Structures are given as C-alpha cells and as structure tokens.
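Q: Spelled out from the first residue to the last, the chains are:
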Amino acid sequence: MNMQLAPITLLIVSSLILVLMIAFNNDLRRCHWFTGLALIATLVMQVIMLKAPSQSVLLLDFSPFNTALCILALMLVFIIYWPLQRWLNENPTSPGQFYLLLHWCTIGALVMILANHFAIFFLGLELLSLSLIALVAYQCPEQQDTDHAIEAAVKYLILSAIGSAVILLGFALLYLNSGSLYLDAFGIEQATTLLPYWLIIGAILFILGGMLFKLSLAPCHLWFADLLQGAPTPVAALLSTLSKLAIFSVLFKLFLFNGWFKIGVIEQVMTVVAIISMLWGNLLALKQQNIYRLLAYSSIAHFGYLLIILSLSKDSAIVSQEILVIYLFAYLIALSALFSLLNQLGQCDTLKKLQGLLWRQPLAAITLMLMVLSLAGIPLTIGFMAKFYLVLSSVENQAWGLLTALLLGSIISMFYYFNLLIVLAKSDKQQTSDEELSISLPNAVANVFIAVIVITLGIYPDPITQFISVLVKG
Amino acid sequence: MNLLLLLLLPIMGAGIAWLSGRYHDNAPRFIALVTLLLCHLPLVNIWLNRADDTLWLATINIPWLSRLNLDLHFAVDALSLLLVALTLFIALLALLASWQEISHKSGLFYLNLLLTIAGIIGVFMSLNLLVFFVFWEVMLVPMFFLINIWGHENRHYAALKFLIFTQFGGLLMLISICALSVIHLQQTGNWSFDYLQLSQLSLSNLQQNWLALGFMLAFLVKLPALPFHSWLPDAHTQAPTGASIILAAVLLKTSAYGIIRFVLALFPQFSSEFAGVINTIAVVGIIYGACLAFAQTDLKRLVAYSSISHMGFVLLGCFSLNALALQGAIVQMIAHGLTSAGLFAVAGMIQVRYGTRDLTKIGGLAQQLPQLAGLAMILTIATLGMPGFGNFVGEFLVLLGSFEHYKVFSIIGAAGLIFSACYCLVVIHRCFWGPLKTAERHESQDPVQDVSARERLSLISLIVALIFLGLQPQPILNLTARLSQQIGKQLNAQQSVQQTNITITQEQAR
Numbered sequence: 000m001n002m003q004l005a006p007i008t009l010l011i012v013s014s015l016i017l018v019l020m021i022a023f024n025n026d027l028r029r030c031h032w033f034t035g036l037a038l039i040a041t042l043v044m045q046v047i048m049l050k051a052p053s054q055s056v057l058l059l060d061f062s063p064f065n066t067a068l069c070i071l072a073l074m075l076v077f078i079i080y081w082p083l084q085r086w087l088n089e090n091p092t093s094p095g096q097f098y099l100l101l102h103w104c105t106i107g108a109l110v111m112i113l114a115n116h117f118a119i120f121f122l123g124l125e126l127l128s129l130s131l132i133a134l135v136a137y138q139c140p141e142q143q144d145t146d147h148a149i150e151a152a153v154k155y156l157i158l159s160a161i162g163s164a165v166i167l168l169g170f171a172l173l174y175l176n177s178g179s180l181y182l183d184a185f186g187i188e189q190a191t192t193l194l195p196y197w198l199i200i201g202a203i204l205f206i207l208g209g210m211l212f213k214l215s216l217a218p219c220h221l222w223f224a225d226l227l228q229g230a231p232t233p234v235a236a237l238l239s240t241l242s243k244l245a246i247f248s249v250l251f252k253l254f255l256f257n258g259w260f261k262i263g264v265i266e267q268v269m270t271v272v273a274i275i276s277m278l279w280g281n282l283l284a285l286k287q288q289n290i291y292r293l294l295a296y297s298s299i300a301h302f303g304y305l306l307i308i309l310s311l312s313k314d315s316a317i318v319s320q321e322i323l324v325i326y327l328f329a330y331l332i333a334l335s336a337l338f339s340l341l342n343q344l345g346q347c348d349t350l351k352k353l354q355g356l357l358w359r360q361p362l363a364a365i366t367l368m369l370m371v372l373s374l375a376g377i378p379l380t381i382g383f384m385a386k387f388y389l390v391l392s393s394v395e396n397q398a399w400g401l402l403t404a405l406l407l408g409s410i411i412s413m414f415y416y417f418n419l420l421i422v423l424a425k426s427d428k429q430q431t432s433d434e435e436l437s438i439s440l441p442n443a444v445a446n447v448f449i450a451v452i453v454i455t456l457g458i459y460p461d462p463i464t465q466f467i468s469v470l471v472k473g
Numbered sequence: 000m001n002l003l004l005l006l007l008l009p010i011m012g013a014g015i016a017w018l019s020g021r022y023h024d025n026a027p028r029f030i031a032l033v034t035l036l037l038c039h040l041p042l043v044n045i046w047l048n049r050a051d052d053t054l055w056l057a058t059i060n061i062p063w064l065s066r067l068n069l070d071l072h073f074a075v076d077a078l079s080l081l082l083v084a085l086t087l088f089i090a091l092l093a094l095l096a097s098w099q100e101i102s103h104k105s106g107l108f109y110l111n112l113l114l115t116i117a118g119i120i121g122v123f124m125s126l127n128l129l130v131f132f133v134f135w136e137v138m139l140v141p142m143f144f145l146i147n148i149w150g151h152e153n154r155h156y157a158a159l160k161f162l163i164f165t166q167f168g169g170l171l172m173l174i175s176i177c178a179l180s181v182i183h184l185q186q187t188g189n190w191s192f193d194y195l196q197l198s199q200l201s202l203s204n205l206q207q208n209w210l211a212l213g214f215m216l217a218f219l220v221k222l223p224a225l226p227f228h229s230w231l232p233d234a235h236t237q238a239p240t241g242a243s244i245i246l247a248a249v250l251l252k253t254s255a256y257g258i259i260r261f262v263l264a265l266f267p268q269f270s271s272e273f274a275g276v277i278n279t280i281a282v283v284g285i286i287y288g289a290c291l292a293f294a295q296t297d298l299k300r301l302v303a304y305s306s307i308s309h310m311g312f313v314l315l316g317c318f319s320l321n322a323l324a325l326q327g328a329i330v331q332m333i334a335h336g337l338t339s340a341g342l343f344a345v346a347g348m349i350q351v352r353y354g355t356r357d358l359t360k361i362g363g364l365a366q367q368l369p370q371l372a373g374l375a376m377i378l379t380i381a382t383l384g385m386p387g388f389g390n391f392v393g394e395f396l397v398l399l400g401s402f403e404h405y406k407v408f409s410i411i412g413a414a415g416l417i418f419s420a421c422y423c424l425v426v427i428h429r430c431f432w433g434p435l436k437t438a439e440r441h442e443s444q445d446p447v448q449d450v451s452a453r454e455r456l457s458l459i460s461l462i463v464a465l466i467f468l469g470l471q472p473q474p475i476l477n478l479t480a481r482l483s484q485q486i487g488k489q490l491n492a493q494q495s496v497q498q499t500n501i502t503i504t505q506e507q508a509r
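Order-wise, the sequence lines are chains A and B. The opening residue of the first sequence carries number 0 in numbering that gives the first Met the number 0; numbering runs sequentially from there. The opening residue of the second sequence carries number 0 in numbering that gives the first Met the number 0; numbering runs sequentially from there.
For reference, chain B alone in the conformation it holds in the complex (with noise of 0.2 Å):
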C-alpha cells in the first residue's frame, strides 16, 4: 500500500497541480510542494515498518495484464529505498530552484514535474521488467516537455536529442526483455515477465550476452557512457534549471541502478566476460568527461560534461565485480547526485542573476554575490573529491575495490580525480575569483541581490547532506552490504569459474 501510495501521490498532486494553475498564478508550486513532502510519510512508514531479515521491504502485487501474466510487481529494498529518497529529496531542491524562474504556465510545469518524478520513482520500484520499461519510457515524455517548452535558447533540439537517444536504448531493452520472457515461456511454458521468476532462467552464454547487449545498450546510453554522451551536454544545457537538477541527479542514476539491478544480477557471466571492454568504456569516459568539462566556456555544459566524468566512476565501480567497488558505486551514485544538483543549481542562480551562463562573460561575482561564491565553493570541492564528502568515500570505495582484478583502470581513473581537480578549481576561479565582470545589465534592473533563504536553504541542506555522507557514510554502507555482497558473490564465482576454464584451456594447450 505504502509504494502504491509513493507511485499515485505525485500523479495526484500533478493533476490537482495542473488543474490549480487556472485559478491562481501560485497555487501550483505550493500543491507540488506539498505534495512531495506528503511522499515522504510512506516512505518514512516503510523504514519504520521494515523487517530486518528480508531482501525486500516491502511488496506489493497487482494482476494487470493476465493474458501475459503481467503483474504490476513493486518492491523495494535497501537500494530503492536510498534511491527513492534521493529522488524526494532532490525534487524538493528542484522545486526551490524553479520557484522564481518559472512564470508562465506554471501550472504545466509542476504537472511535468511531478510526472517525471512518478516515473523515476516507479523505475526505482518496478520487480517486472515490462513495469520497470513503461516507467522508464514514460519519465522521458514529461522530461521532454520540460526541456521543449521551458528550456532556454536551442531547447527543441536539445529535447528531440535527448528523446530520440534515450528512446533508441529504450526500444533494444524492450527486445531483450521480450527475448528474456519468451526464454521463459520456452523453458516452463507459461508467460513471465517478473525479475523474481526470470532470475531463475538458466541462459546459455550466448543468450546472456545478446540479451544483456540490449539492456547494457539502453542503460549506456542514459549513463551515458562514452559513444552515446551527446545528448546530455545539449540537455543539461538546455533543460531550466529543476529539470537540469532532477536530469543530473536522478534520471542518469535510473541506469546505473538499472545495470545493479538487472545486468549485473540477471547476467552475470556477461557481466564477469565483459567487465574489461565496460571498464574500459567507463575509464575512458571518466578522463574524457574530465578534459571536455575542463575546455568548456558555458558553466551548465561543464557541469554536464564533469557528470560523464562522474558517472564513469559509477560504470567502473559496477563492473569492478566485487562488493567493496559495488558499495563505492552506490555512494558516489548519491554523492554525484547531490553535488550535480548542487552545481546546477548555482549555474541556475547565476543565469537567473546575469541572464548568462557564459564564462566569458561574467567573472569575479564573489565581490557582489559573497555568501554564494562561499556556497558554490564548497561543493565544487566536494565534486572534486576532497575528503569529508560524500564524493571521496564513493570514489574511493570504487578504485579500492576495482584495483583487486582490474589494477590498470584504477590507475587511469585515479588519475581523473587530478583532471576533476583542474577544471573544478578553474570554473570556481573564473567564475567567482578576479576582477569583476558582468554581462551588460541595464540602468534600469535592480542592483544583483545575494541568495535569499530559499536558495542559501536549499545548498546548505545539500552541503549538510554531503558532509554527513563524507564523514558517516557506515549506514549507507550497512544497508547496501547485503545486496552488494550477494551480487559480489554471484559475479566472484562467475569470474573464478571462468579464470578456472582459461587455467584448463592453458593446461590442455600446453
């Protein structure tokens, strides 16, 4: 009942949200605030209510479609249920940021918000891999009308990219999982499409690796990984500043919580195969991210280009194939998640200020905007990975982990936390440090004002979460152990069965 609650209260709240919007200008950004905050109580109820022996927190299962036995299955565990908080959470920021900017039509606007965050949070619940598709699908739609009609100067192109690259993905996984559920009814004779039933499927070699081609193709490109990137820096961009937010910091975790979920369970002799060829995608997106984020002269662009950087992170640590790399994957997933919504959020403040992101033309603002620049100035050193943030135990976790098989990679991406270090420290000094310098503003316009307490209100909650994740990250790490260590296992044997065989095939040769 609580996750049925989670998945209907945002759809609720977009509908009244919408509805609201003809009669007063303000009503709907006040519905929708409400009614993120009504999401947390079943949220909240769940924690409370856990059973401490099971995977699962809590369950629920509704017959939807029994010609294909289709069951609308939600469950959570300790992932979902980190996952869907940060998503809450993170709406809530988005909500702050669009407070001001957005004026006209607002009533549309929160209705697409809050759809979007239905999606996702149904993403992050969905058991049945055609439920866990639909979600996937439709968060794109109302994400896409975020960017189409409040985004900024280029934003149809940037919204048709973003549309039509997810979906390509998309469309491969909808294959695989059609493939994956006519294996099952090859095998046992009847339909299913339920993650519970289909991990029991045991698939030949070369099943494995078609059928994970076409989630690992769709989950890439939503990372995104290194040859299908290119929506995202056109869309960061584009997108206003609550849909740059949610983008960054929980639409690109959809898929590493998709290859967590699904690939590395469902596919772990693909997984264990093909780690190498991944690893590398992911070390080559995290040096590659870094350096385009470092020649970058539009501030949200770099913050798109430096999410590509930390993503890889998260690529390597999934497929580092043990639990340690696993667990730093999931921290740097939230820590990425807050520093992204944080840096966008600046980039959304100063755009609002100068009516420019463009480094070329704005530097020096710490002299009229002080307690911001202090602000931005400690997130970005979070994204850099300082110690005493989130970011550091995640990245630190990912290459401790991944050194143990792939030592290489690790030392490549430990090098790309230099280059994080470079481009972060050159925005913070173009953008806030020197002399002054502003985009051409009219007599007229009022005199640029500092954050006010809805904005210092919204970083700082953000800095506090990620130094509690720096300092204290034991709970997350406790509640991620479980899952972690068993999908650790799982892909440990793999990879010593496959080490064996490579052993006798030596032997034989020999």
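Extracted from the complex, chain A is given alone in its bound form (with noise of 0.2 Å):
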C-alpha cells in the first residue's frame, strides 16, 4: 500500500469511527475533539507527503501541486471547523451527524483534487454534493427560518443534479470519441473521425455548463445567493470555500491538459462567462443588505477573475498553476475566516446589524476589516499579492479584454468592501444587538492567528512565493 494514500485513509478510517461514536455515544464535545484530532493528522500528513516525488496511484495524481491544494482544502476545513463547537452547542440535535457529513465532505473533495480519471473525479464529486445536500438543510427545530434552509437545500439538491447529469452526458460523448476516461485524455487532437467535430464541442460545453454550475458562475449564478443565504453559517463556509476550491482544481486540470482554451468557440465562450461573472457579480453585490448574498456574489466575481489563468499560456514566465495556488490560498483563506468571524457572532446576517461592531468588539472587527481588505486586494495583504500576480500575467499574456474587466470589476467591487468598512465603522449609539454574541478566548487566538498570516504574508510574501514557485517546478 502506497504511502501517499494515508491522508485519504486515514480520514475515511475516522469516519467510520465516528460513525460508531455516534451510534454508541452521540455526545458533542467528544466528537468536536475526534474530528479535530483527525484532521490535524492529515493535515501533517499531507505536510510530510509534499516532499514526496509525484507519481500516480489508483487514478489518484499525487504531485506536489496536488498535495499543495490538498493542503489548502484541509486548512480551509479546520478554519470553519474550529468554531463549530460553539454554533453546534446552540443547535444541539445530532451533533455528531455534522462532523460525519464534514468529514465526507472533506474525503470528496480531496478525491477530486487528486482525481486524474473521469470515474474518481465523478466519486468525489457525487460524496461532496451530497454531503454538503444534507448539510445545507442541517437544523434545529428552534431555529427560526427553517423554511430559508430547506427551500436552500432544495434548490442545490435539483441544481446540483442537473449539473452532474449534464458533466456525465459530456464525458459520455468524450468517451465515445477518445476511448479512455483519462482527464489528459479529452484533447481536440485526440479527435477521432467517429464523432462529428461539433458534437465534440457540444460534449465540451456539456462539461463546461454543468462545471459552471457547480461553481455559480454566470450564468449560472442564480441559485448560489439564495442558497448562502438559507443555508447555515458553517456550510455556506463549505460551499463557497471548499466545493469550489474542489471544482475548480478539476476544471483548471481539464483546460491546462487538453488546451482546451485554443478552441475558439470554448475560447469565446469561457472569455464571455469570465467577463460577465466580473461584472455582473460585482455590480448584484452592489446593494446587497445581507452579508451572506453579498459574499456570495463577490465570490461570483473572484472566480471570474480566476477563469483569467485558464487563459494563459503554458510557456509564461509565471506558471498558471502558481497564480492559481497563490490565489485559492489568498483568496479561500481571507473568505473562510470571513465566514468562521460571522459564524462566531451569531445571527448577524445583514449590514444593519454588523453597524458599530468596531466600537462594540473591536478585536473582531478589526479582523473582519483585515479580510475584507484582503479580499479587495488592498496592500500589504496577501490578497492583494495575488491580484498583482494576475494582474502581471494577464499583462504578459496581452489578455487586454479580461484585463479591463478585471480593473472595472474591482473598481466595483471597492464600493461594497469599503462600505463594509464603513458600516462597521459607524458610531452606534442606538442598539447593542442581543442576538450577538462575544467571541470566546480560542475563536479569538485563531482569529489573530489568521489575521497575522494575512498581513504578514502580505508585507513580506516571499516565503509563500518562493515556495509556491518551487513546489510546481518540482
């Protein structure tokens, strides 16, 4: 048995334990505890294996830059697990139900990080969405909207399934033409003259739509606000962060080892959607009261501004793939601690009542202003080390069109960040909210904890970045 396989495993082992802890025992504490044991395990793990030479094993790739995304994945589900205790002791039904779905939903999407074959691709695929499924409509009894997370869950469930259908009908027709279910496999040249050359496209488009889909971008966005909105804190976390992260490593490795970016209608169509998600997701982000529908359309605009690397060329001087890990690491971890901070807080879900927070606790505010900061890509953030790094190779690359859409969607996207700031800022002396709940010592440290890394990485990022460049030459 091959020793790069032990994350995986040992995760799966986990949750067939925790699958006996609770049915035996379903008691939080010790579940929250097991889980979190589990994942720090495989997170070091994965650690150890990112020196291992890369090789193939059971339809799994592991090469660095595998494992590297891996490790975001893994770090992004610590950070919305660790406050999960907390919010789980006010929704005290089956605490221990939440820890197995995460943990699968964690085994999903890491299958499909290192999935190099259609069929485990389409495994992981399938745990995630399920996964996340029963999550999204996860709930207590007391809980008031009720009726927000189930037609939330509804509405992923019906989508969700027309988007795997639809990826299944295209790797069908790939099939068909190329023979092997390989994802190196589905190249233009590959062609065969068993299928006609549009139906080729169509088969590709098929796969593009129903990937589209599942990261919400337009557009296919419609459902994704909705579903932030109903869905609890914790799994809007996993949707935006996680699932995302997943799929778009999958549609990175499909265009990067089928070129499928130099088809000029698949050029045409991904530049259109790249465009419009920008734009679109920004200006709806505009005049959102709800934090949750407006993070969910900056996150239609950010993975717009992510369809730019599937653009560039294979011979630039900065690699797609280092621009991509660059930017999931800045762009996933200011997002999830964003999340894990409301989580924290409790019910504040629109502007109205996040109004003063930096008078009433300062320390948590002050994070949050950290993040949005970083997620505008100001200076002397991580975030705005990846901008820069898009920025500079879009330039290289002469994708001027993207490029202006880049620049007038963060020009608008700088209205809703800085009015975030600004509702945070705001003198109240009207209300201190009942609803909203101080932050309990450990929530705080890794609320630092995160901060410092976002700030410190931002003012001195070439650690980050002479690893990054490494590891995907290596």
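Hints in this document: simulated from the structure, not taken from any laboratory. For clarity, every value in this text was computed on a predicted model and none was experimentally measured. Among the hints, a few may not be true.
With a straight-line cut-off of 27 Å between C-alpha atoms, the simulated DSS-like cross-links for lysine-lysine are [unchecked claim]: (1) A/K472 / A/K313; (2) B/K406 / A/K425; (3) A/K313 / A/K50; (4) A/K352 / B/K104.
Could you fit the two chains together into a complex? Lean on the hints.
A: Printed below as a string of structure tokens:
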C-alpha cells in the first residue's frame, strides 16, 4: 500500500470510527475533539507528503501541486471547523452527524483534487455534493428560518443533480470519441472520425456548463446567493470555499491537460463567462443588505477573475499553477476566516446588525476589516499579492479584454468592500443587539492568528511565493 | 538605515499611540508629537552626511520578493528630501490642528494619522515601482478612515468617493507598472521593477504612450486635474482639519512628485508629444478652479477649489519641458503645501469656534478674532501670489519657463493669478471684515477666544516659512538644480528631435 494514500485513508477510517461513536454515544464534545484530531493528523501527513516524488496511484495523481491544493483544502476545513463546537452547542440536535458529513465533504474534495480519471472525479463530486445537500438542510427545530434552509437544500439538490447529469453526458460523449476516461485524454487533437467536430465541442460545452453551474459562474449563478443566505453559516462557508476549490481544480486541470482554451468557440465562451461573472457579480453585490448574499456575489466575481488563469499560455514566465495556488490561498483563507468570524458573531446576517461593530468588539471587527481588505486586494495583505500575480500574468499574455473587465470589476468591488468597512466603523448609540455573541478566547486566538498570517504574508510574501514556485516546478 | 528609520518610526509610533489610548486620553497625541519630532533626526542625519557629487543622497536596498526580483529599494535625492521634510513639517501642523479637535477615539485617530504619514514618506522614497505603488495605495486606507470616522456631516460619502477615484487611477498605474516590467523581461530576460533599471529600457513610441497613460491617469486623478477633480472638494470639506491639511498639503504632492520622477523621466517622448494636451488641462484647471472657488460659500470648499487652481500651475510647470519651469513647479509644490495647510487650519479654527464654515452665516469675525484675522490675511495674500511669499516665486518661475515653448498657456495661466486675487480678497472680506455676523450661539457657551498659543505657533511658523521661501528661494533652487536640469535636458533633446522630424516631414511634403 502506497504511503501517499495515507491521508485519505486516515480520513476514511476516522469517519467510520465517528459513525460508531455516534451510534453508541452521540456526544458533542467527544465528536468535536475526535474530528479535530483527525483533521490535524491528516494535515500533518499531507504536509509531510509534499516532499514525496510525484506519482499516480489508483487513478489518483499525487503531484506536489495537487498536494498543495489538498493542504489548502484541509486548512479551509480546519478554519471552518474551529468555531463549530460553540455553534452546535446552540443547535443541539444530533451534533455528531454534522461532523460526519464534514468528514465526507473533506474526503470528497480531496479525492476530486487528486483525481486524474473521470470515474474517481465523479465519485468525489457526488460524495461532496450529497454531503453538502444534507448539510444545507441541517438545522435545529428552534431555528427561525427553517423554510430558507429547506428551500436552499432543495434548490441545491435539483441544480446539483442537473449539473452532474450534464457533466456525465459530456464525458460520455467524449468517451465515445477518445476511448479513455483519463482527464488528459480529452484533447481536441485526439479526435477520431467517430464523432463530428460540433458534437465534440458540444460535449465540452456540456461539461463546462455543469462545471459553471457548480462554480456558480454567470450566467449559471442565480441559485448561489439564495443558497448562501439559507444555509447555516459553516455550511455556507464550505459551499463557497471547499466545494468551489475542488471543482475549480478539476476544471483547471481539464483546461491545462487538454488545451481547450485554444479552441475558438471554447475561448469565446469562457471569455464571455469570465467577463460577465466579474462585472455582473460585482454589480449585484453593490446593493446587498445581507452579508451572505454580498459574499456570494463577490465570490462569483472572484471566480470570474480566476477564469483568467485558464487563458494563460503554458510558456508564461509565471506558470499558471503558481497563480492558481497563490490566488486560491489568498482568497479562500480570507473568505473562510470571514465566514468563521460571522459564525462566531451569531445572527449577524444583515449589514445593519454589523453596524458599529468596531466599537463594540474591536478585535473581531479589525480582523473582519483585514479580511475584507484582503478580498479587495489592498496592498500589504496577501490578497494584493494574488491580484498582482494575476494582473502581471495577464499583462504578459496580453489578455487586454479580460484585464479591462478585471479592472472595472475591482473598482466596482471597492464600493461594497469599503462600504462594509464604513458600516463596521459607523458610530452606533442606539443598539447593542442581544443576538450578537461575544467571541470566546480560543476563537479569538484563531482569528488573530489568521489575521497575522494574512498581514505577514502581505508584507513579506517571499516565503510563500518562493515555496510555491519551487513546488510547481518539482 | 536612516531611510528605514524614517519609515519605521511613524509606523511604530502609530502602534504605540493606539495602544496608549486605552490608558490615558492625552497619551496618543503626545506620543504622536514625540514620534514626529524623532522622525526629523534621520532626516537631519541624511542631510549632514550627504555626499555632494551624487544625485542620490542616501539609498538602501533590501531583498523583498526574490521570485520576481523585487527589492525594497529606497533612496532620496534633493526632491524627495525636500518633500519628506515638508511632510514632517505639515504633519506637525496637522497634529497641532487636531490637538483639541479630536476628542473621541483619539488613539485610533493618531494611529491613522501616523500611518498616512508613513505611507506618504514611503511614496517619496521608493525607487522600486511596485513598492511605490504599494505605498501609494496604503496611504489611502488610513486616510479613508480619517475622513470616514472623524469627518463632518457627509463623511461616509466623501470617504468612499475619495477612495474609489484614487483606486481607479491606482489600478491603471499597476497595469502600467506590470507592463513595464514585462517589457523588461522580454528585453533582458529577467524581471525587474527597479526604477534605475527600467529607465534604461528602450521603448517604442506606442509603448511609451500607453504606459505613460496609465501613470498619467493615476497622477491626474490625485493631482487633481480637471475631469477627475470632483472627489477633492468633497474629501477636503468633510475631512477633519488635520486630515484636510495633510490631504491638501502633502497627499496631492505625491502625484506631482510621481509626474516628475516617473512620467517625465521614464517617458520623455510621451511628455513632449502630449505636453500640449496636458498643459491645456492644467490651464483650464487653473481658471476653472479659481472660478469655482469664487462661487463657494463653504470656506473649506473654497480652499479646496483654490487647490485645484494652484496645482494647475504645478502641472503646467512639469510639462513646460524646461528646467526653469520644473524648478518653479517644485517651489510651487512646497509653497502651496504651506499656504493650503494654513488656510485649512484657519478654516478649522473658525469651525471649532462657531460650529460652521458657511460664509453666509459668519462675517466680520475680525471684531471678535483680531489676531486670527491678521494671520489669515497674511496667508491669503501669500496664496494670491504676492511677491515676497513663496507662491510668487513658484508661479513666476512656472510662467517664465512655460513662456519659452507655450506662450499662450503662459498668458492664460497668468490671467489665473487675477482670478485667484479675486477669490482670496473676497473670502477675506466676507469672513473677517464688515459687520459682525455669527451663527447662533447659546447663552451658556463661553465667549469666543482669539487664537491660542498653539494655534499662533502653527500659523506663524507657516508664515515664516513662506516668507523665507519668497525672499530666499535660492537654496531650494540650488538643491533641485541638478535634477531639473537633467530632466529638462532630456525633454529638450526630445523636443528638438521632434521638431526636426516635423520640419523634415514638412520639407518632404514640399
């Protein structure tokens, strides 16, 4: 048995143990600590695996690049996991199941990131999606907006199923053509005369359509804001970080291996999708009063920016993998920390409830502000380095159209990010909402830790950029 | 080392001031004062240890991002040194102006104030283009908070508008910087963002024009030049006095500095080709700003529009393509920094006393505030360009220099001086002379006090500096002579090349 499989195996075993634990004694604290230990152990093992040579085992592809994405995924899960105990304490129905589903989500995401074959990719995708559907509907009886959660779960169930079906159809057609289901076998040059050209393009478009649905990129984005608003906060965090990370990594590999961007139609479609996502996502975020809806639209825009990476040529001076890792790292860490903070603050879902937070809870508000600044890409945060890499590389590849959209998008996004800062710093004399929770010590420590990482790597990005560039080459 | 200290001292002072705010309300401002005074030490040290034969008085180079060959490359020449000195001086004034005005959350206020100062100093010292950009953006965020938290009635709108406008320009500049670096990569095979290396690049005309456009837009927004000026009246009016002073006196100067350092030096061909267009913008700005200033009833808004007018002279001086006008622009930058700081300080003093800056509600204040009226009178006269004050030297040199190539602009610009005399005298008349008219005051309030020792100190030091600059500008002209002659020569050469080309094409046409 190969050592590289150890992290995933560990997670699978621990999820089975968790099942037994729930069956015998469904105790919140015990489940919490067990999950935490399992996640840390997996993370440590994964970090050790970074040094291992790249190889393929059982349809999984262990390259340092994939391992880095796995580490990122585990870090995201850990950030989301950290404040869970307290949140579940208030919603005390069947806490163990939440951790079990969290386990399965993580396994699904890791499998998708590592997959180099369609079958295992689809397995991971379904594991992730199905666990997420259960998680979206996860709620307790006394929770007020039960309807929202169920509405969101049903929406996600139907759309996710449609997305998966469309992806399946696309891959089936491509399989007819190439006779192989490995993810690097779908290049247009492998085309045989079995299928007409338009059908192959159509198949690729089917796959892209499904992927765009799952990534909630415009014009397939309509469900995402409702979902984030309705789902419990930690689940919303999983949806917008972990699940998107996994799907985007597969999309990226499909483009990287098969050179789909060189096909004229695909290039046009993806460029249009990217531009619409950047502009439309940011425009829709402008007027949102609900912070989850705001983050949902900003996430659409951010993945629109990320689509630029697909268009970069292979012989650029900055390799596209490098930008992908640094951008995902910067964006997702800040976003998951933001969700984690919102989770800790309790029922602060509208901007009005967050008003004047800076004066009530300075530490939480300052962390929140730093994360928002990082999302906005202001210098001295890691978010700026990510944006800078993206701009530098698109200038090098002379992607002027996409760059213009990126520029307009970021200007528009400044409105709502800085409006959020204004809201946080507004003086409020009228209210201190009862629903707002104070932040416990371990959570505060974690928040400060992430804030320090975001700032330190923003001020001195040398370690991470160096690390990533070595990693991608190796 | 001195340069690093110059940058780190305000940042550390900011942190300490913030933390000290918890223990005592007065602590932050004293810590800020001590920090700013301490900052002068490295500056003096650089000045005393300078070598006379080099352009760069001090440099420091620290590796930062090895993947892209990025260094923290800081250096000061005479121009940077002058502007850093101006920044520190103005920062002290801003501190004195906020001394009483800022009562709530003072720790956070001085944190933001000092961080803004650190950012501005960083802009003036960076020789790495990306580091320049980083400081350029970073100084905006604390300024945003200064306006947003401690500003006046319409502060949220003003802060957001300020930020969006300047961010827009900044992002265009980022694209230009990246493009410049990519061209360096293509020509030499390795990354570089270093000013000294990038100035060696040979750029085609088309490349120069596009790249310079990105830089130019960023600087024109911040300057502010005509179509992009609308953030300035709002930001200046809504900001607390201290922040207004910093905004007008030094933040606007970063853009003029950027034009001289980057646009003129890196893109000489663009500068001479588009000088006519930019000078048109400058001259229209001079006249337009003066006219709008004349029509304002809000005292701070009036000063803000007068800034647009005066910065027009700086822009005209930069693009007159000779050393004389460039020196005039530098003197004008400093003189405008001093006068606008003074006028905003006066506006702040009036607002603190009467709770309004609306010129329709106040008048004849000289009867209650004789000393302030006198000091304000001197500052206003300096603003309108009376000989004997720094502004005259600056404006005169700019007009003289621009007359060489751009006679029409020079003449129209000179007319702007008359307009500025109009609004300056009118504001003095409305505000201080005539029958006494004050906003309604409660009986219980204390009678209005004339200037305190602190206020007197700040205004008189400004006036002394202005008179010194007006009577004895030679030291500053000597300091900047080398830089301006170098750039002027480069631009002149470009100009003559272009003229020869034109004559050749004309002859060929014949």
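Q: For each hint, tell me whether it holds in the structure or not.
A: Quick rundown of the hints versus the structure:
At most 27 Å may separate the alpha-carbon atoms for a hinted pair to count; A/K472 and A/K313 meet this at roughly 13 Å. Between B/K406 and A/K425 the CA atoms are separated by roughly 52 Å; this puts the pair beyond 27 Å, and the hint is violated. This hinted pair checks out: A/K313 and A/K50 have alpha carbons roughly 24 Å apart, not beyond 27 Å. Restraint check for A/K352 and B/K104: satisfied, since their Cα atoms lie roughly 22 Å apart, inside the 27 Å limit.
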